[in-house]
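Peer 1: Chain A is fixed; fit chain B onto it per the hints.
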Amino acid sequence: MKQPPSQISSLTTYMLAVRDDRDRTAFALLFDHFAPRLKGFIMRSGTGGGQAEEIVQEVMLTIWRKAEQFDPERAQVSAWVYQIARNRQIDVIRKENRPLPEELGEDPGSEPDASQILAVEQEAGQLKDALLKLKPDQRDMIEKAYLGELTHQEISSQTGLPLGTIKSRIRLGLEKLRYELKELR
Amino acid sequence: MTAITHHAPDALLAAYAAGNLPQPFGLALAAHISLCLECRAAYEAHLVSGGAVLETSEAEVVSEGLKSNVLDLLDTPAVEEKAYQRSGVYPGPVVEALKGKPPRWKSLGMGVRQSILSDGREGSVRLLYIPSGRAVPDHSHNGLELTLVLQGSFSDETGRFGVGDLEVADQSLEHTPIADEGPPCICLAATDAPLRFNSFVPRLLQPLFRI
Chain A
117 MKQPPSQISS LTTYMLAVRD DRDRTAFALL FDHFAPRLKG FIMRSGTGGG QAEEIVQEVM
177 LTIWRKAEQF DPERAQVSAW VYQIARNRQI DVIRKENRPL PEELGEDPGS EPDASQILAV
237 EQEAGQLKDA LLKLKPDQRD MIEKAYLGEL THQEISSQTG LPLGTIKSRI RLGLEKLRYE
297 LKELR
Chain B
12 MTAITHHAPD ALLAAYAAGN LPQPFGLALA AHISLCLECR AAYEAHLVSG GAVLETSEAE
72 VVSEGLKSNV LDLLDTPAVE EKAYQRSGVY PGPVVEALKG KPPRWKSLGM GVRQSILSDG
132 REGSVRLLYI PSGRAVPDHS HNGLELTLVL QGSFSDETGR FGVGDLEVAD QSLEHTPIAD
192 EGPPCICLAA TDAPLRFNSF VPRLLQPLFR I
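Residue numbers (the working numbering), protein chains in the order written: chain A, 117 to 301; chain B, 12 to 222.
Just chain A, with the same shape it has in the complex (with noise of 0.2 Å):
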């Protein structure tokens, strides 16, 4: 594995070990960390226990094989992970496919900007503090919000989401995106 460039989250580091080297000691190491994590988050949904374990594995197996599509200049790990995880569970639950938006083109050849990557994995961390800072209730009621267990119009009566800290993160993706949007023109 490569020294991981100062401040820069382990789980990223790993990630893009997996992403650039195919890293299993990498990998291993994202297992530890998500796979406990994945199978209480997909429990607390009402999924058995033997059934969670089956999406953790596709989960964990999508991590590996779809690892191009990582980019930490515009997502955290667990952002990218959260996004595959949910995807896994409603095609088990639903038995057909989620409609998911284009893929944008890769930034062609261009040198991984270890600034841009903190300030997502810093947001991302605001964000973290923030939902455990909440009141039990509210934090309750964000926790079923992405767990999917709530309709867009129940999301839309709910106050008090910490969107502050979404909002600067929309931000940063944002100026981040029409950057890349421009490389590629």
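Among these hints, one or two may not hold up.
Claimed, not checked - Partial pick of chain B residues on the chain A-facing surface, computed with a CB cut under 8 Å:
| id | residue |
| --- | --- |
| 1 | G61 |
| 2 | A70 |
| 3 | L77 |
| 4 | L82 |
Said to hold, decoys possible - Listing some non-contacts, in silico: residues in chain B with all C-beta distances to chain A over 10 Å:
| id | residue |
| --- | --- |
| 5 | A14 |
| 6 | I15 |
| 7 | R51 |
| 8 | K78 |
| 9 | N80 |
| 10 | R97 |
| 11 | E107 |
| 12 | L109 |
| 13 | L119 |
| 14 | S126 |
| 15 | I127 |
| 16 | D130 |
| 17 | G144 |
| 18 | S164 |
| 19 | S183 |
Just so you know, the hints here were simulated from the structure itself, not pulled from any lab data.
None of these values were measured; they are calculated from a predicted model.
Think of the CB as a built atom: it goes at the ideal place given N, C-alpha and C, for glycine as much as any other residue.
Peer 2: Chain B in isolation, oriented as in the chain A frame:
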């Protein structure tokens, strides 16, 4: 292309990110996000929130064999999923719903055509083709309707909608979208309820055309 001015509301984006929209709306959101950078950024921000919920979830011990199982499977080739690319005015998710084929248009009269992509318990989603100056028959809504413009533009009582714009209409809105000057307007229309037309003749046609 003019800038996108009508965006997806945050609650729809959050529910989409969590995978909790009915399939017709999911397709409309996937197509809109494919065209709209702002909503893509907002969608990705919601994924970060989802990631935070995942990170703070209580861990459950996994079975002993799971890790070695997964590690053993790393070299097994995955079934290749076909990735659908954008084709002409149709974003990738719409091309996927069309299974890579061109739309099969059916005439609704007056030059207006539709191509149904899916119609089921969760609602319906279709492509509409409206020549310049023509109206989509005036209709009111039982539920929510999302309309995404893919070519040309239309205007109604609430404003002008160009390529990439998403109109969100609920039962409180009675509107008559009319295609503007220029190329025929093509849009993707998703509803969670059957459409109900106000004018007499189209209502007669309703069972015939599954509108």
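Peer 1: So, for every hint listed, does it hold in this structure?
Peer 2: Checked hints:
For the restraint placing G61 of chain B at the interface with chain A, the shortest Cβ-Cβ distance is roughly 4 Å, inside the 8 Å limit, so the hint holds. Residue-level restraint check for A70 of chain B holds (minimum Cβ-Cβ distance to chain A is 4 Å; threshold 8 Å). The beta carbon of L77 of chain B comes within 6 Å of a beta carbon in chain A, closer than 8 Å, and the hint placing it at the interface holds. With a least beta-carbon distance of about 7 Å to chain A, the hint placing L82 of chain B at the interface is held under the 8 Å criterion.
The non-interface label for A14 of chain B is consistent with chain A: the shortest C-beta to C-beta separation is roughly 12 Å, beyond 10 Å. No Cβ of chain A approaches the Cβ of I15 of chain B within 10 Å, the least distance being about 13 Å, so the stated non-interface status holds. Remark: the non-interface label on R51 of chain B conflicts with the geometry, its nearest Cβ contact in chain A lying 6 Å away (cut-off 10 Å). At roughly 6 Å, the least C-beta separation between K78 of chain B and chain A is not larger than 10 Å, which violates its mark as non-interface.
A cut-off of 10 Å between C-beta atoms contradicts the statement that N80 of chain B is not in contact with chain A; the least separation is 6 Å. Not every Cβ of chain A is farther than 10 Å from the Cβ of R97 of chain B; the closest lies at roughly 6 Å, contradicting the non-interface assignment. Taking the minimum C-beta to C-beta distance to chain A, about 7 Å, the non-interface status of E107 of chain B is violated against the 10 Å cut. The Cβ of L109 of chain B sits about 12 Å from the closest Cβ of chain A, beyond the 10 Å cut-off, so the non-interface label holds.
Look at L119 of chain B: its CB is around 25 Å from the nearest CB on chain A, clear of 10 Å, so calling it non-interface holds up. At roughly 17 Å from the closest C-beta of chain A, the C-beta of S126 of chain B stays outside 10 Å, upholding its exclusion from the interface. The non-interface label for I127 of chain B is consistent with chain A: the shortest C-beta to C-beta separation is roughly 16 Å, beyond 10 Å. With a least CB separation of 14 Å from chain A, D130 of chain B remains clear of the 10 Å interface cut-off, as annotated.
No Cβ of chain A approaches the Cβ of G144 of chain B within 10 Å, the least distance being about 32 Å, so the stated non-interface status holds. With a cut of 10 Å on Cβ distances, S164 of chain B stays outside the contact zone with chain A, its closest approach being about 22 Å. At roughly 14 Å, the least C-beta separation between S183 of chain B and chain A is larger than 10 Å, which holds for a residue marked as non-interface.
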